[in-house]
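Given next are the chains, with one letter for each unit.
There are 2 protein chains.
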Amino acid sequence: MPRFSKAVSSLRSSEIRDLMTLASRPDIISFAGGMPGNDLFPVKEVEELYRELDIKIKQAAFQYGPTPGLPSLLESLQGFLEKKGLPVHENRLLITTGSQQALNILGKAFIDPREPVLVENPCFIGALSAFRSYDAELRGVPVDVEGISIDVLRQEIDRKEKAKFLYITPYFHNPAGVLYTTERKQQLIAALQGTNIPLIEDDAYGDLYFYKEDADRLKPIKAINPEGINICYTGSFSKILGPGLRLGWMLVPEKIYGKCELIKQSADACSPSFTQVLADAFIRSGQIYSYIDGVRQEYKKRASAMVAALREYLPDYVQWSEPRGGFYLWLTLPEGTDATRIVTLAIEGGAVFVVGKTFDPEGRQNNSLRLSYCNNTPEQIAEGIPIVANAIRTICG
Amino acid sequence: MPRFSKAVSSLRSSEIRDLMTLASRPDIISFAGGMPGNDLFPVKEVEELYRELDIKIKQAAFQYGPTPGLPSLLESLQGFLEKKGLPVHENRLLITTGSQQALNILGKAFIDPREPVLVENPCFIGALSAFRSYDAELRGVPVDVEGISIDVLRQEIDRKEKAKFLYITPYFHNPAGVLYTTERKQQLIAALQGTNIPLIEDDAYGDLYFYKEDADRLKPIKAINPEGINICYTGSFSKILGPGLRLGWMLVPEKIYGKCELIKQSADACSPSFTQVLADAFIRSGQIYSYIDGVRQEYKKRASAMVAALREYLPDYVQWSEPRGGFYLWLTLPEGTDATRIVTLAIEGGAVFVVGKTFDPEGRQNNSLRLSYCNNTPEQIAEGIPIVANAIRTICG
Chain D
1 MPRFSKAVSS LRSSEIRDLM TLASRPDIIS FAGGMPGNDL FPVKEVEELY RELDIKIKQA
61 AFQYGPTPGL PSLLESLQGF LEKKGLPVHE NRLLITTGSQ QALNILGKAF IDPREPVLVE
121 NPCFIGALSA FRSYDAELRG VPVDVEGISI DVLRQEIDRK EKAKFLYITP YFHNPAGVLY
181 TTERKQQLIA ALQGTNIPLI EDDAYGDLYF YKEDADRLKP IKAINPEGIN ICYTGSFSKI
241 LGPGLRLGWM LVPEKIYGKC ELIKQSADAC SPSFTQVLAD AFIRSGQIYS YIDGVRQEYK
301 KRASAMVAAL REYLPDYVQW SEPRGGFYLW LTLPEGTDAT RIVTLAIEGG AVFVVGKTFD
361 PEGRQNNSLR LSYCNNTPEQ IAEGIPIVAN AIRTICG
Chain C
1 MPRFSKAVSS LRSSEIRDLM TLASRPDIIS FAGGMPGNDL FPVKEVEELY RELDIKIKQA
61 AFQYGPTPGL PSLLESLQGF LEKKGLPVHE NRLLITTGSQ QALNILGKAF IDPREPVLVE
121 NPCFIGALSA FRSYDAELRG VPVDVEGISI DVLRQEIDRK EKAKFLYITP YFHNPAGVLY
181 TTERKQQLIA ALQGTNIPLI EDDAYGDLYF YKEDADRLKP IKAINPEGIN ICYTGSFSKI
241 LGPGLRLGWM LVPEKIYGKC ELIKQSADAC SPSFTQVLAD AFIRSGQIYS YIDGVRQEYK
301 KRASAMVAAL REYLPDYVQW SEPRGGFYLW LTLPEGTDAT RIVTLAIEGG AVFVVGKTFD
361 PEGRQNNSLR LSYCNNTPEQ IAEGIPIVAN AIRTICG
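The listed protein sequences derive, respectively, from chains D and C.
According to the working numbering, the first sequence is numbered sequentially starting from 1.
According to the working numbering, the second sequence is numbered sequentially starting from 1.
Do not take every clue at face value.
Identical copies go unnamed one by one, so any copy, or any two together, can satisfy a pair.
As the list claims (entries may be wrong) - The list that follows gives simulated cross-link-like pairs (lysine-lysine, DSS-like), each with its CA atoms no further than 27 Å apart:
{"#": "1", "residue 1": "Lys84", "residue 2": "Lys212"}
{"#": "2", "residue 1": "Lys212", "residue 2": "Lys83"}
{"#": "3", "residue 1": "Lys44", "residue 2": "Lys58"}
{"#": "4", "residue 1": "Lys357", "residue 2": "Lys212"}
{"#": "5", "residue 1": "Lys301", "residue 2": "Lys83"}
{"#": "6", "residue 1": "Lys83", "residue 2": "Lys357"}
In short, the hints are calculated from the structure, not lab data.
Given the structure is predicted, the values throughout are model-derived calculations rather than measurements.
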């Protein structure tokens with residue numbers, strides 16, 4: 001038997017893969033995945049855009065590109081991000097192979113084995129897996145309906161062994177669906193200033209808001225540009241074009257960028273030129289804006305269908321909030337409930353979701369579950385939610 | 001200033017980026033890059049293949065795929081690899097984001113900081129950068145015209161602190177152009193058996209042979225399937241379709257595969273579905289075989305043009321061998337020569353290449369240089385080689 005490295009020896013297969021296998025069974029209604037609906041992808045539009053490209057650009061799509069990204073995409077993406085108020089000129093942009101790679105690169109840049117990093121609890125599993133792969137000590141800070149708990153955050157900041165960074169997903173949080181309030185963001189900024197703890201701000205879902213009046217809550221902390229905090233802002237084409245293109249990005253201060261580019265070079269040399277060419281054409285045609293408008297309406301419709309079904313079928317003791325955007329709805333069950341028992345029953349009934357402990361940095365807390373509405377028609381939702389509700393009633397009474 | 005992790009702190013910007021900037025200047029003839037010629041890509045063929053695909057497949061191209069790769073590509077690629085005699089059924093195949101990612105994943109799987117790994121000297125820079133990023137101690141084993149030095153290899157194997165793996169590129173070595181002899185492969189196998197040191201066998205160029213009679217030398221060690229060695233075989237679509245697709249693979253024993261899949265998941269979740277769909281269609285149409293046949297002939301023509309020019313212009317004291325395939329030609333200059341002085345002169349004259357020390361694991365030995373002929377017409381070669389030869393004469397006399 002070969003001897004693996006220490007960080008890797010402790011990596012264990014997650015339950016996610018088995019769940020995803022279940023989630024792809026046609027006889028089961030899946031609220032498990034975080035994938036956009038296949039029917040929503042701009043397949044035709046992108047094919048037409050590609051067809052019209054110059055042969056030189058098509059050839060370049062087959063060729064290696066510079067490690068930071070194709071210059072044309074870096075330029076068009078800067079324009080896209082500038083519209084969100086992001087300080088694109090005072091920072092450096094790096095195209096990554098999905099935003100998963102951005103998180104992995106930042107993990108590698110900062111984490112030495114057994115060093116602490118601060119994450120939300122619950123937390124995006126992709127981030128947990130990236131940071132775990134560098135043997136980080138994950139310290140979860142609870143999230144409530146307004147954002148991360150500032151009290152607990154301050155306690156964690158004051159601990160003797162200083163955290164290497166704080167990772168948050170403030171805009172339609174995965175899995176909790178939370179949109180941070182403006183006030184909570186301000187408190188977070190105040191708590192971080194002067195600590196020299198970098199902030200990783202993951203904004204994979206911010207474009208998928210349902211209400212225009214949330215503009216202020218949606219403004220990235222990176223765009224607020226507070227003094228004295230190194231903010232590494234990450235984003236993705238996965239939710240606004242297609243995850244199969246594997247394109248994300250990070251916008252980071254120059255002093256952090258250099259190391260990230262070297263790590264990226266050693267990771268996969270460059271992101272796929274082929275899909276970078278497609279993404280660039282999609283932005284430059286302006287179609288990205290109308291496309292996002294369209295999917296926003298569609299996800300809002302799906303969220304409403306789920307909200308209606310939950311109102312009708314869920315028992316009162318289940319706590320949840322109406323989503324204001326994104327893909328997810330988070331149910332909190334009575335203290336002590338084991339969501340694994342519920343999902344087992346639900347699968348028998350024909351529906352599946354992800355249990356809460358999957359998103360707990362310590363893999364324990366399990367009186368919660370995540371429902372995705374992004375990949376279901378209102379009809380599937382109306383059929384599947386009663387199955388989930390029945391399973392909850394059977395276990396919790 | 002944020003504090004970086006230890007492994008990353010020591011990463012330094014390589015000179016490669018500056019060279020590549022030079023290499024892309026239209027007024028300079030570049031023998032520096034390892035890129036296929038843009039004019040050789042099967043742009044039209046792939047576009048037609050894509051157009052004919054079913055809408056369901058096109059949608060899946062925009063979607064996340066399973067971490068190991070799209071099932072259809074895994075199947076077609078298995079067929080492609082089986083024709084090389086590779087034991088695809090007794091091993092597991094993992095699609096990676098370029099073979100650079102395969103090397104990075106294997107580095108992460110095996111290397112703890114400051115542990116020794118064995119590499120060839122000279123060695124592929126992508127491998128050096130992947131292994132350095134995990135803070136490996138790189139131990140170079142010299143390569144001669146028949147392959148790696150078995151004497152030095154045995155000495156290294158016998159050292160007290162055991163190496164974590166041996167990494168080799170036996171088929172049209174990058175940068176040295178070497179094709180291992182059958183005998184040297186047998187000696188290598190004998191040296192490794194019983195040591196429990198895994199072998200990483202990188203076969204990115206094997207398809208680009210110029211002579212059918214080299215079949216035996218080209219047979220992968222993985223296909224010989226010797227007992228008692230864990231062989232991690234890596235390959236790439238970069239040279240047989242296009243590097244801009246960022247698709248490579250590893251074929252590894254089951255007991256190594258599990259960790260690699262977990263590392264891959266944390267690295268970028270999955271490789272691009274979009275380009276996997278293209279590669280799959282390219283294999284299934286059979287066009288990959290005729291395409292490889294065509295580029296083989298083209299690279300052979302380019303190599304011949306370079307050989308002819310080197311014969312005409314190079315001074316006798318420069319040592320080199322005629323390539324039997326691949327992209328590269330390696331010049332060895334008199335002991336003590338500094339190739340950096342030569343490249344400086346050559347750039348002034350209008351030609352560029354990569355100096356030897358770039359490929360030295362210790363970054364020192366510099367009386368050598370790499371010439372690529374893959375991305376030049378015979379005319380460019382005829383114009384550029386005299387510039388290189390002049391620079392050599394000026395420095396070496």
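Copy assignment of Lys44 with Lys58, given that the CA separation must stay at most 27 Å: Both, since 18 Å and 9 Å are each at most 27 Å.
27 Å Cα threshold - placement of Lys212 relative to Lys357: neither (33 Å within a copy, 57 Å between copies)
Intra/inter-copy verdict for Lys84 and Lys212 if alpha-carbon distance must be at most 27 Å: Classified as within: same-chain Cα gap 13 Å, cross-chain 58 Å, threshold 27 Å.
27 Å Cα threshold - placement of Lys83 relative to Lys301: Within. Shortest intra-copy distance 26 Å satisfies the 27 Å Cα cut-off; inter-copy 51 Å does not.
Intra- versus inter-subunit Cα pairing at 27 Å for Lys212 with Lys83: within (15 Å within a copy, 58 Å between copies)
Identical-chain pair category, Lys83 with Lys357, by Cα at 27 Å: neither (37 Å within a copy, 46 Å between copies)
The structure shown violates the earlier hints numbered 4, 6.
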